[in-house]
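There are 2 protein chains.
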Amino acid sequence: MRDVAIIGASQTKFGELWDVSFRQLITEAGLGAIDDSNVEGADLDAMYVGNMTAGLFIQQEHIAALIADHTGLNPIPCARIEAACASGSLALRQGIMAVASGYHDIVISAGVEKMTDVVDATPAIATASDQEWEAQQGATFPSLYAMIAKRHMYEHGTTREQLAKFSVINHKNAAKNPKAQFPFEITVDQVLNSSIVADPLTLLDCSPVTDGAAAIILCPAEDAKKYTDTPIYVKASTQASDTITLHDRKDITTIGSTKVAAKKAYEMANLTTKDIDTVEVHDCFSINGILAIEDLGFVEKGQGGIAVEEGITENGGEIPVNPSGGLKARGHPLGATGIAQAAEIVWQLRGDAGKRQVEGAEIGMTHNIGGTGGTAAVHILSR
Amino acid sequence: MRDVAIIGASQTKFGELWDVSFRQLITEAGLGAIDDSNVEGADLDAMYVGNMTAGLFIQQEHIAALIADHTGLNPIPCARIEAACASGSLALRQGIMAVASGYHDIVISAGVEKMTDVVDATPAIATASDQEWEAQQGATFPSLYAMIAKRHMYEHGTTREQLAKFSVINHKNAAKNPKAQFPFEITVDQVLNSSIVADPLTLLDCSPVTDGAAAIILCPAEDAKKYTDTPIYVKASTQASDTITLHDRKDITTIGSTKVAAKKAYEMANLTTKDIDTVEVHDCFSINGILAIEDLGFVEKGQGGIAVEEGITENGGEIPVNPSGGLKARGHPLGATGIAQAAEIVWQLRGDAGKRQVEGAEIGMTHNIGGTGGTAAVHILSR
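Chains P and S supply the protein sequences, listed in that same order. Per full-length UniProt numbering: the first sequence ends with 383, consecutive numbering throughout. Per full-length UniProt numbering: the second sequence ends with 383, consecutive numbering throughout.
No wet-lab data here; the hints were simulated from the structure. A portion of the hints provided could be inaccurate.
A pair counts as met if it fits within one copy or between any two copies, since identical chains are not told apart.
[Claimed, not checked] Restricting the straight-line Cα-Cα distance to at most 20 Å, the calculated cross-link-like pairs of lysine to aspartate or glutamate (DMTMM-like) are: (1) K264 <-> D275; (2) K274 <-> E300; (3) K263 <-> D277; (4) K259 <-> D45; (5) K263 <-> D45; (6) K172 <-> D277; (7) K263 <-> D105; (8) K13 <-> D35; (9) K226 <-> D35; (10) K264 <-> D105; (11) K355 <-> D277; (12) K264 <-> D45; (13) K264 <-> D43.
Given the structure is predicted, the values throughout are model-derived calculations rather than measurements.
The whole structure should be built from the sequences, with the hints applied where relevant.
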């Protein structure tokens with residue numbers, strides 16, 4: 001197995017980008033990563049694209065071929081990878097395997113979602129849940145995560161304010177991220193008093209509908225210094241699944257796939273939670289950010305709310321979480337999120353994260369899930 | 001890079017299976033492959049599923065997680081791979097890379113499509129073309145391939161009867177395949193006199209709308225004999241892209257992606273066309289079967305029609321094409337097709353193909369494309 005390095009990273013502005021098309025988004029992200037990595041487009045010998053549902057958002061499947069054509073990269077081998085909101089991390093993981101296997105040398109793994117070309121994104125997003133047992137019964141993702149939040153509050157005493165604080169910290173970080181969808185701060189009171197979406201979750205507990213794209217360029221670790229003075233090395237790339245439905249789980253306050261993927265990642269990297277300097281977690285709803293820091297092992301089960309309240313997840317705290325602003329405030333273009341998380345960690349480890357830099361970050365992690373955790377992927381990257 | 005072998009293969013009956021659900025189809029195929037390979041479900045350590053558009057056909061994305069849950073395979077890492085009608089071959093290819101890289105040992109690569117749960121499959125299928133430049137202008141796939149056929153007839157003198165003969169041979173083979181959608185023979189006259197779909201293509205030049213699934217189990221070649229006396233070895237797994245749109249090509253009678261993928265495959269396997277004993281090609285329309293045998297190098301450009309007329313592609317001929325019945329007569333459940341092709345070659349090389357056995361087949365090939373060739377994948381397998 002060849003070791004793999006990241007030599008380029010890029011992200012478009014995230015937001016409601018009504019004047020930018022799907023093709024423009026992914027092209028901008030791809031060109032950005034090419035530029036950042038000092039390779040030429042012609043050097044790329046495979047492409048993976050994470051995308052959840054261009055079929056439902058813009059009536060376009062076969063998007064990898066579309067992108068190769070639109071960007072002039074034919075005859076590059078290219079494939080779309082889909083696992084709902086974890087599509088981006090799985091595109092990264094396939095790219096890593098393509099390099100590790102020796103099948104390909106320089107690979108671009110990207111992610112893109114254009115979500116604002118439909119009147120209501122909810123039916124498309126709901127296809128990440130079990131259509132027969134959840135979506136058709138009216139269970140949207142806010143409602144599913146609201147049930148998780150209620151149970152977490154009941155079992156572990158997590159408070160409404162602790163949930164709100166997760167969003168507040170995300171926004172504080174996003175305020176320093178010019179590519180974030182919501183680069184401004186909010187208060188706990190604002191979260192508590194925003195519209196209720198699904199009790200106990202309010203509007204400001206929920207990640208937004210977002211257009212955006214991101215891209216990463218990979219190569220064999222042994223070649224990385226040819227392209228950059230600051231390669232970032234892939235120490236672990238793992239993935240696991242859990243039931244797609246909530247009702248089949250013994251405990252809905254634990255995401256089993258996250259736990260399995262994290263355990264494998266620490267083993268693969270030969271590291272522990274103590275070694276991780278910063279982590280990008282999948283906070284599609286505030287409660288899920290709290291589950292993530294528990295299931296990744298940064299705090300004990302049930303202690304996530306208190307940890308957030310005490311500020312240990314702030315930039316400068318014990319384990320800075322979502323320095324980018326997270327899904328809540330950087331934005332959540334489904335298939336692009338996993339790649340954007342990896343891009344953020346790359347910038348943090350290079351020391352290129354500007355005003356949101358986590359001081360001295362040398363090892364970082366990404367955590368990306370699909371649905372309510374039917375899929376989870378974890379990556380550990382290091383300087 | 002580790003060498004990879006196939007130790008199990010399975011295919012459901014293909015057809016308009018109105019009493020069988022998406023979940024049932026993929027479960028049947030998966031269990032069949034597990035049974036065929038002498039592994040247990042718990043031995044599988046990764047899953048790839050080729051599927052074009054469950055989002056549009058059954059309002060379900062995140063299908064890999066759905067399948068892992070429904071089949072009790074959690075916490076297996078699982079991903080859906082999509083490249084329109086080439087999704088199956090790309091799922092096979094990702095599985096091969098997962099084993100080759102050392103990331104995973106025993107991998108199931110499957111494909112599934114449930115196409116008959118919608119009133120009209122055309123809008124979903126059209127998402128494999130360029131939405132802005134083709135589909136929204138009314139160009140359906142029959143019309144795109146009809147243009148290719150007309151041009152091939154004009155440039156190379158291919159006749160209407162030669163196109164028809166491609167379908168006739170497919171049906172002759174399918175008549176011996178109990179899992180085929182149309183296991184019966186047809187005549188050239190029947191093809192010529194069936195309803196015109198897009199001139200010059202008639203109904204019997206066109207592959208059908210099909211429900212079906214297929215699965216393959218992979219392991220490191222060095223371990224294969226633990227599971228089976230007749231492992232089939234992966235000699236090449238290659239892929240390329242061409243413009244997704246027809247209008248951007250210099251020559252619409254050549255599928256550039258097929259040519260590039262085939263050239264790489266012969267190089268990777270260190271073989272030539274002369275070494276291939278049988279091939280499953282992507283004949284979504286009769287003309288595409290003719291393009292395939294040309295672009296794969298079995299006959300000169302322009303000579304495909306004559307070759308078919310002369311019978312060299314028949315079982316027993318110089319290069320038996322589509323012993324299964326092909327997309328036309330075995331059926332074409334989009335994301336399952338590439339895996340079903342590989343399953344057919346596995347059975348042929350094992351000598352397990354029953355009445356449709358290609359005598360003495362030792363090396364076989366699959367050729368699977370997406371759209372009008374925006375994607376092409378080629379696999380070479382050997383005893």
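Right, here's what the structure says about each hint:
| no. | hint | in the structure |
| --- | --- | --- |
| 1 | K264 <-> D275 | within (15 Å within a copy, 43 Å between copies) |
| 2 | K274 <-> E300 | within (14 Å within a copy, 63 Å between copies) |
| 3 | K263 <-> D277 | within (17 Å within a copy, 47 Å between copies) |
| 4 | K259 <-> D45 | between (34 Å within a copy, 16 Å between copies) |
| 5 | K263 <-> D45 | between (32 Å within a copy, 15 Å between copies) |
| 6 | K172 <-> D277 | within (19 Å within a copy, 64 Å between copies) |
| 7 | K263 <-> D105 | between (28 Å within a copy, 19 Å between copies) |
| 8 | K13 <-> D35 | within (17 Å within a copy, 49 Å between copies) |
| 9 | K226 <-> D35 | within (15 Å within a copy, 48 Å between copies) |
| 10 | K264 <-> D105 | between (25 Å within a copy, 15 Å between copies) |
| 11 | K355 <-> D277 | within (17 Å within a copy, 63 Å between copies) |
| 12 | K264 <-> D45 | between (29 Å within a copy, 13 Å between copies) |
| 13 | K264 <-> D43 | between (32 Å within a copy, 17 Å between copies) |
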